[in-house]
Amino acid sequence: MTNSDRLLSRLGFSESSGAGFSLTLAGFIGFMGIITAEVLYPNYSTRQDISDLGSTRPPNPVIHEPSATIFNTTMLVTGAMVLLSAYFLYRTMDRRGFPLALAVFGFAAFGVGVFPGNVTPWHGIFALLTFFSGGITVVLSSQVVSRPFSFLCGLFGGISLLVLVSVFVYGLLVGGPSPVEPLGPGGIERWVVYPIIIWLPAFGGYLLASSGDTVGDYPNRQTPE
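The sequence shown runs 1 to 225 under full-length UniProt numbering.
Note that these hints are calculated values from the structure, not bench results.
On a predicted model such as this, the values are computed, not experimentally measured, just so you know.
Yeah, the Cβ is synthetic: ideal placement off N, Cα and C, and Gly gets one too.
Please note that a few of the clues may not be correct.
Derived DEER-like restraints, expressed as beta-carbon distance ranges [claimed, not checked]:
(1) 46 to 73: 12 to 22 Å
(2) 32 to 179: 26 to 36 Å
(3) 155 to 97: 12 to 22 Å
(4) 73 to 42: 15 to 25 Å
With the hints as extra help, turn the sequences into a complete structure.
Structure below.
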């Protein structure tokens with residue numbers, strides 16, 4: 001038994017429920033951390049990039065505290081929690097593709113916290129990796145859950161990827177504004193990021209409910225006649 005197994009056992013968790021707990025907490029921290037940083041950022045508009053909360057881009061980066069520390073810490077903790085859940089799922093799932101994609105997403109989110117917007121080109125690289133790997137991870141999750149939840153996973157991941165890809169298609173191939181251009185950079189980012197953040201506690205709750213660790217084995221409990 002590894003040290004992580006002993007710790008989970010002492011806390012009353014299995015690896016599956018530990019992964020679910022970590023993902024649910026990651027979604028809560030990610031969502032509330034962004035909201036808190038927005039509230040404390042002077043004159044912030046949701047049309048701005050989400051990463052502006054940590055720092056705007058060069059040549060004249062603007063950093064507002066405590067929003068910057070809150071946002072960067074949020075990304076670090078969220079990324080770490082996702083990585084932890086990916087480790088647990090890798091040890092328990094037969095399909096290794098999903099936990100590996102989840103690990104890439106967690107690593108990318110952690111990198112956004114390490115490299116704020118004023119650190120180029122690394123921030124842009126990790127931000128794009130977060131967007132793409134997050135959407136792909138959510139889509140892949142539809143293959144490891146039962147219906148009807150699998151439909152929601154496909155929907156959330158599909159929306160995130162569709163909005164993201166549309167920006168590149170219209171910008172690079174069509175040469176015109178994307179249909180979501182009126183939302184502004186921040187609005188577009190939120191249509192990419194928020195479906196992923198909403199998925200985190202949803203998928204985490206699914207793992208917690210199906211882990212069989214609840215009192216009375218609730219997922220398998222029979223309704224009395």
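Verification of the supplied hints:
1. Remark: the range hint 12 to 22 Å for residue 46 to residue 73 is upheld by a beta-carbon distance near 21 Å.
2. For the hinted restraint 26 to 36 Å between residue 32 and residue 179, the CB-CB distance of approximately 31 Å keeps it satisfied.
3. The hint said 12 to 22 Å for the Cβ distance between residue 155 and residue 97, and at roughly 20 Å that hint holds.
4. At about 19 Å, the CB distance of residue 73 to residue 42 agrees with the hint of 15 to 25 Å.
Checked against the numbered hints listed earlier, the structure breaks none of them; every hint is satisfied.
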